[in-house]
Amino acid sequence: MTILDSLIYILFYLGPGIPQTLLISIIALVIGIGIGFIVAIGRVYGGREIRAIARGYERILRGIPILALILITYFVLGLFIPFFNQPLPAASFSLGIRSGAYQSEIFRSAIDTVSTGQMDAARSIGLTKGEAIRLIILPQALTVSLQGWSSEYAVVLKDSSFAYILGIAELMRRADYLRANPAIPVLWAYVLAAILYMCLTLPISRALNWWATRKRKELGI
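Read in order, the letters of the sequence shown correspond to residues 46 to 266 in my numbering.
If you're looking for bench data, these hints aren't it; they were derived computationally from the structure.
One thing to keep in mind: the hints can contain errors.
[Stated by the list, open to error] Distance ranges between label pairs, derived from CB positions:
#, residue 1, residue 2, range
1, I95, L232, 47 to 55 Å
2, P230, Y90, 34 to 42 Å
3, G92, G60, 46 to 54 Å
4, R96, P248, 36 to 44 Å
5, I95, W255, 31 to 39 Å
6, R224, P248, 41 to 49 Å
7, Y235, G91, 20 to 28 Å
8, W256, L122, 35 to 43 Å
9, P248, K174, 19 to 27 Å
10, R224, L68, 20 to 28 Å
11, A166, A113, 29 to 37 Å
We put the CB at the ideal spot given by N, CA and C, even for glycine.
Can you build the whole structure from these sequences, using the hints too?
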């Protein structure tokens, strides 16, 4: 088998792992967005107890290695909630709750960027605090947060490779399978896997950065 034949074989073998990688990452990001918004709002607008809980969540989840978190979710939480005794939910949930701890800081900074005078203006026209947050603050904060969120997307997608520990046939797991084939240079398998990760992260990250810059100029922030 020539080098070209090996590369083509590796690419076709790695290909089916891309949908699994994207699925894990998208589910994790959606979970992270939901948690991140809630924690960020608690940090900015909550009382002392709520702020303490939000800060504690961020510090604890950021301090746990993602591999340990995946194993805890699968082997410990899975004992009590059968849903998490499945590889895909366990991996996606673990990545999601950890991403939420990082996204909360992105959203909190974005909320702080939006002028506090806008909250006062919204309240002065009769909006409740909740309505002002939902209709005025969050739409602008979401736009501001896009630039930081593009980096988090890249981090989550790369961290999805840790799902291999549960046997999910994502991109890195399929690259690892090729070690059993003596006819395939395993180094090329990992090199091509790295290139595919770059292809999945760079275009979307750049597009989000471009969109964020454009919207910030439109909003004047």
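**Asked** Cβ-Cβ distance between P248 and K174: within 19 to 27 Å?
**Response** violated (39 Å)
**Asked** Cβ-Cβ distance between P230 and Y90: within 34 to 42 Å?
**Response** For Y90 against P230, whose Cβ atoms are near 56 Å apart, the range 34 to 42 Å is violated.
**Request:** With 20 to 28 Å as the target window, see if Y235 and G91 comply at their CB atoms.
**Result:** violated (45 Å)
**Asked** If you check the beta carbons of R96 and P248, does the distance land in 36 to 44 Å?
**Response** holds (38 Å)
**Request:** With respect to the beta-carbon atoms only, verify the hint that R224 and P248 lie 41 to 49 Å apart.
**Result:** violated (29 Å)
**Message:** If I claimed the Cβ atoms of I95 and W255 lie 31 to 39 Å apart, would that claim hold in this structure?
**Reply:** holds (35 Å)
**Request:** Determine whether the Cβ-Cβ distance between A166 and A113 falls within the hinted range of 29 to 37 Å.
**Result:** The hint (29 to 37 Å, Cβ to Cβ) is violated, given that A166 and A113 are roughly 46 Å apart.
**Prompt:** Between W256 and L122, is the Cβ distance one that fits in 35 to 43 Å?
**Reply:** holds (36 Å)
**Message:** Verify the CB-CB distance for R224 and L68 against the hinted window 20 to 28 Å.
**Reply:** Holds - the Cβ-Cβ distance for R224 and L68, about 24 Å, lies within 20 to 28 Å.
**Item:** Whether the CB-CB distance between I95 and L232 falls inside 47 to 55 Å
**Value:** With Cβ atoms ~51 Å apart, the hint holds.
**Message:** Just to be sure I understand the hint, the distance between the Cβ atoms of G92 and G60 should be within 46 to 54 Å; is that true here?
**Reply:** With Cβ atoms ~51 Å apart, the hint holds.
The structure shown violates the earlier hints numbered 2, 6, 7, 9, 11.
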